[in-house]
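Asks: Residues per chain are reported as follows:
Number of protein chains: 2
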Amino acid sequence: MIEINTSRAKQFLSEDRFSQAYKQAEKAFELVQQRNGEGTEWLGWRDLLADPNDAILEQIDSLATNIREQADVFIVCGIGGSYLGARAVIEALGSFFGNDGPEIIFAGHHMSGKYLKDLIGYLDKPNKEGEPKSVFVNVISKSGTTLETALSFRVLRKWMTEQFPEDVDDRIICTTSKEGGALNELIDQHGYKKFIIPDDVGGRFSVLTPVGLFPIAVAGIDIRTLFYEAVSKYEELEEDAEQIIDYAATKYALFDDGKTLDVLTTFEPQLEALGGWLQQLLGESEGKQGKGMFPATATYSTDLHSIGQFIQQGTRNMMETFITVKSEEKSITIEELPENNDGLNYLSGKTFHEINTQAFRGTLQAHTDGDVPSIVVSLDKLNAQHIGEFIYFYELLTAVYCYCLGVNPFNQPGVEDYKREMYQLLGKH
Amino acid sequence: MIEINTSRAKQFLSEDRFSQAYKQAEKAFELVQQRNGEGTEWLGWRDLLADPNDAILEQIDSLATNIREQADVFIVCGIGGSYLGARAVIEALGSFFGNDGPEIIFAGHHMSGKYLKDLIGYLDKPNKEGEPKSVFVNVISKSGTTLETALSFRVLRKWMTEQFPEDVDDRIICTTSKEGGALNELIDQHGYKKFIIPDDVGGRFSVLTPVGLFPIAVAGIDIRTLFYEAVSKYEELEEDAEQIIDYAATKYALFDDGKTLDVLTTFEPQLEALGGWLQQLLGESEGKQGKGMFPATATYSTDLHSIGQFIQQGTRNMMETFITVKSEEKSITIEELPENNDGLNYLSGKTFHEINTQAFRGTLQAHTDGDVPSIVVSLDKLNAQHIGEFIYFYELLTAVYCYCLGVNPFNQPGVEDYKREMYQLLGKH
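Chains as they are written, first to last, in the working numbering: chain V, 1 to 429; chain E, 1001 to 1429.
What the hints contain is simulated information worked out from the structure, not anything from laboratory work.
The model shown is predicted, which means the values in this text are computed figures rather than measured ones.
Built from N, CA and C at the ideal position, the CB exists for glycine as well.
Please note that a few of the clues may not be correct.
Residues of chain V placed beyond 10 Å of chain E at every Cβ, according to the derived structure [stated by the list, open to error]: (1) S14; (2) Q34; (3) G39; (4) D51; (5) I56; (6) L63; (7) D169; (8) D200; (9) E236; (10) D257; (11) N341; (12) G406; (13) G414; (14) D417.
In the DSS-like style, the derived pairs of lysine-lysine whose C-alpha atoms are separated by at most 27 Å in a straight line are [claimed, not checked]: (15) V:K194 to V:K158; (16) E:K1133 to V:K125; (17) E:K1350 to V:K117; (18) E:K1010 to V:K419; (19) E:K1259 to V:K350; (20) E:K1291 to V:K10; (21) V:K419 to E:K1350; (22) E:K1194 to E:K1027; (23) E:K1259 to V:K259; (24) V:K330 to E:K1125; (25) V:K125 to E:K1027; (26) V:K128 to E:K1194; (27) E:K1330 to V:K428; (28) V:K330 to E:K1428; (29) E:K1158 to E:K1178; (30) V:K330 to E:K1158; (31) V:K330 to E:K1419; (32) E:K1428 to E:K1117; (33) V:K133 to E:K1133; (34) E:K1330 to V:K125; (35) E:K1419 to V:K326; (36) E:K1117 to V:K330; (37) V:K419 to E:K1291; (38) E:K1133 to V:K330; (39) V:K158 to E:K1133; (40) V:K158 to E:K1350.
Hey, can you work out the whole structure from these sequences and the hints?
Replies: Structure follows, in structure tokens:
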């Protein structure tokens, strides 16, 4: 269960401002439900939960199981929405220092030649058993021509072809549009396995499609639990949208009141990548027509020692969103130290998680006292179930909040601007 | 050589506003040089360059060489300024997939019990040769009682003591204040090796002290080049501070003009951690008295696919700082593909770095057209020399810019607020 607490934001809002925002949020939710808003042709992320297709999950699971048995390394080649969701879930539910099953490596998400060269050097080294590494590549791109991904895939495919002359075609899996696009040509030629990205789902809303689900399954995470908990959150929120409407209204009212920065933060370092997913989801959806709160990300208590000062006392134009987790399965209890040189024996018997929780509470109080409004989102624990709920919750929240702002949540017209300039410099005709 | 280009920021500033800011920046620079500003007791980071102590470098180098020969894993246990500088330099100059010499792991920078548990699980596993891992720990804390670091060090020290009963005391190195503090007690008891953090250098200005230099040396980076290039940048800027004054004036004038967000970005993913170092340096220095530009970090082109839309068209209250690198030693050339399915053959013969550079130029143009002022910082290449210069350049810039803002660059009074609340919740007496 996700709990949302907006009280430490509302205390900074006048009743009038909030109640007006609330009315707007109610209308915004109707726009989503009744498909009357801008960009309504992009609501596929809702449809796939309204009418779940278990056959696709089965297909994903079966190929993933197969790969988990064979692969040392599984490379996810994609950028933006084509990797942020998978990375978020895999890091949230995995180990910090290597998981069972294949090592998951991301590529195709920038144009660092050094990164690719280092990666190939690493792939060239033998695995733990001293054998050549068994590598699989999942390339993810609707068009197949996304520059970073396509160029990296050229390099990786060449290496794969040289390395695995016998079965390279079984080792490349394409996640792409149903028809058309550069990857479908290759699929026809080589017989690569293929997953389809629905036409009506945009990149940042695609984690519950094969874009996200396939890498997540290869990481050994139960995608059925993830997916069907999103389904039940979908059903819950269709019946009672109060939680979403209240959140969207609060965030919109804060924007209306002059807040232009939302620091998305957590006290759980394994949720850092989830912050990155949320950053894209919110930022790319709301940041248009000169509007929106810039979504910055932070991990506490780490970053309290870097940007904490600013948040406490710098320019007062920010709000904070805390993603917290109530319990931790793996924790460590502080032991009594005879010498007590650090004076911390008063904490003995407490777990790190308990201390971390007090750090969160202390921070919340201090930042509230420092006039930073905040919204607190709590998950009971970190598992596929709660992350599934979380994903759909924020997809819906984003749509509703953007309609409050009066922007189309589903397009990204500004992203074309740098591409146009770049392609011109690169001499593309 | 670092080049600074402020022209794409100045085009957004009136002559009047800039010339007033310039006068303020000249005075601010004098405050630093003549030690007349607030917090002037914290100028030790300048003194150590004015009067280099080669004996310390020798001592660091010699112990680091020793450890490089023996260690599989070297753990840096510290938070904030006690690890961000070392991480920045090590990532900037290392490989993405493992370096020669010991693996460097950071700990003590948050309170995740899961992280520590996963780390210990990893340390418990044998090394590549099937032997128990040889581990060294460098704990870094002036007081020795920084909560995250001290608690993690308790756990690590216990593990080390059990794992290396014979020589644990040779495997723990403390970087701490000259006298007093919790670590000095342990040093006296156990004979741990010790490096001193000068009293007059704050955490975020400490990368060129043993705090940063020792881990950097263990990573195999030439600390003499790093340090002495900072020394020569110091000397250069004492003689001619025009570069710094112009930069500080430009940034201050943008703040004065209503900019409250500075997106620190780079097209080189290995500079991501350098962005983290800069984020602390700027944010913790300027974010006080309700002033300052919030320093967000981004890595392009990766993040153009997440926050690019917002930067192009969202709320117009931001500036951008681009850290760019002119040449890349390791790169890859795009090869012609017979099938040209992705239509990218027009790029064949170009390196990734050349394409990345055009992505940077295209982005700069597009964001300028989108009314985002920007400052461009260029390094010739990524090596110890240029990073050394870069570090001192930004330390000085931060001090001068903060005096323009009228804030003490060297304190962080707001950081105490959450600690006070937290300690109360934890029942500290």
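Asks: Hint by hint, say whether it matches the structure.
Replies: Tested hints:
1. S14: The claim holds: V:S14 sits with its nearest Cβ about 21 Å from chain E, beyond 10 Å.
2. Q34: Nearest chain E Cβ is 26 Å from V:Q34, so the label holds.
3. G39: 13 Å, holds
4. D51: The claim holds: V:D51 sits with its nearest Cβ about 29 Å from chain E, beyond 10 Å.
5. I56: 25 Å, holds
6. L63: Given a closest Cβ separation of 23 Å, the condition holds.
7. D169: It holds; V:D169 is separated from chain E by about 14 Å at its closest Cβ, greater than 10 Å.
8. D200: V:D200 clear of chain E: closest Cβ-Cβ about 19 Å, beyond 10 Å.
9. E236: 28 Å, holds
10. D257: 13 Å, holds
11. N341: 4 Å, violated
12. G406: Since the minimum Cβ distance to chain E is about 13 Å, V:G406 lies beyond 10 Å and the statement holds.
13. G414: Check fails; 3 Å does not lie beyond 10 Å.
14. D417: Violated, since 4 Å does not exceed 10 Å.
15. V:K194 to V:K158: Holds. V:K194 to V:K158 sits at ~19 Å (cutoff 27 Å).
16. E:K1133 to V:K125: The hint holds at about 20 Å.
17. E:K1350 to V:K117: 15 Å, holds
18. E:K1010 to V:K419: Cα-Cα ~25 Å, so holds.
19. E:K1259 to V:K350: Given pair E:K1259, V:K350 is violated - Cα atoms ~44 Å apart, limit 27 Å.
20. E:K1291 to V:K10: 24 Å, holds
21. V:K419 to E:K1350: 18 Å, holds
22. E:K1194 to E:K1027: 40 Å, violated
23. E:K1259 to V:K259: With Cα atoms ~13 Å apart, E:K1259 and V:K259 stay inside 27 Å; holds.
24. V:K330 to E:K1125: 18 Å, holds
25. V:K125 to E:K1027: 57 Å, violated
26. V:K128 to E:K1194: Not satisfied, since the Cα-Cα distance of roughly 36 Å exceeds 27 Å.
27. E:K1330 to V:K428: 25 Å, holds
28. V:K330 to E:K1428: Distance of about 25 Å is within 27 Å: holds.
29. E:K1158 to E:K1178: The given pair, whose Cα atoms are some 25 Å apart, holds under the 27 Å limit.
30. V:K330 to E:K1158: 18 Å, holds
31. V:K330 to E:K1419: OK: V:K330 and E:K1419 at ~25 Å, within 27 Å.
32. E:K1428 to E:K1117: Cα-Cα ~25 Å, so holds.
33. V:K133 to E:K1133: Distance of about 23 Å is within 27 Å: holds.
34. E:K1330 to V:K125: 18 Å, holds
35. E:K1419 to V:K326: 21 Å, holds
36. E:K1117 to V:K330: The given pair, whose Cα atoms are some 7 Å apart, holds under the 27 Å limit.
37. V:K419 to E:K1291: Judged against 27 Å, a Cα distance of about 35 Å means the pair is violated.
38. E:K1133 to V:K330: OK: E:K1133 and V:K330 at ~23 Å, within 27 Å.
39. V:K158 to E:K1133: 36 Å, violated
40. V:K158 to E:K1350: 17 Å, holds
Taken one by one, the earlier hints fail for this structure at numbers 11, 13, 14, 19, 22, 25, 26, 37 and 39, listed in ascending order.
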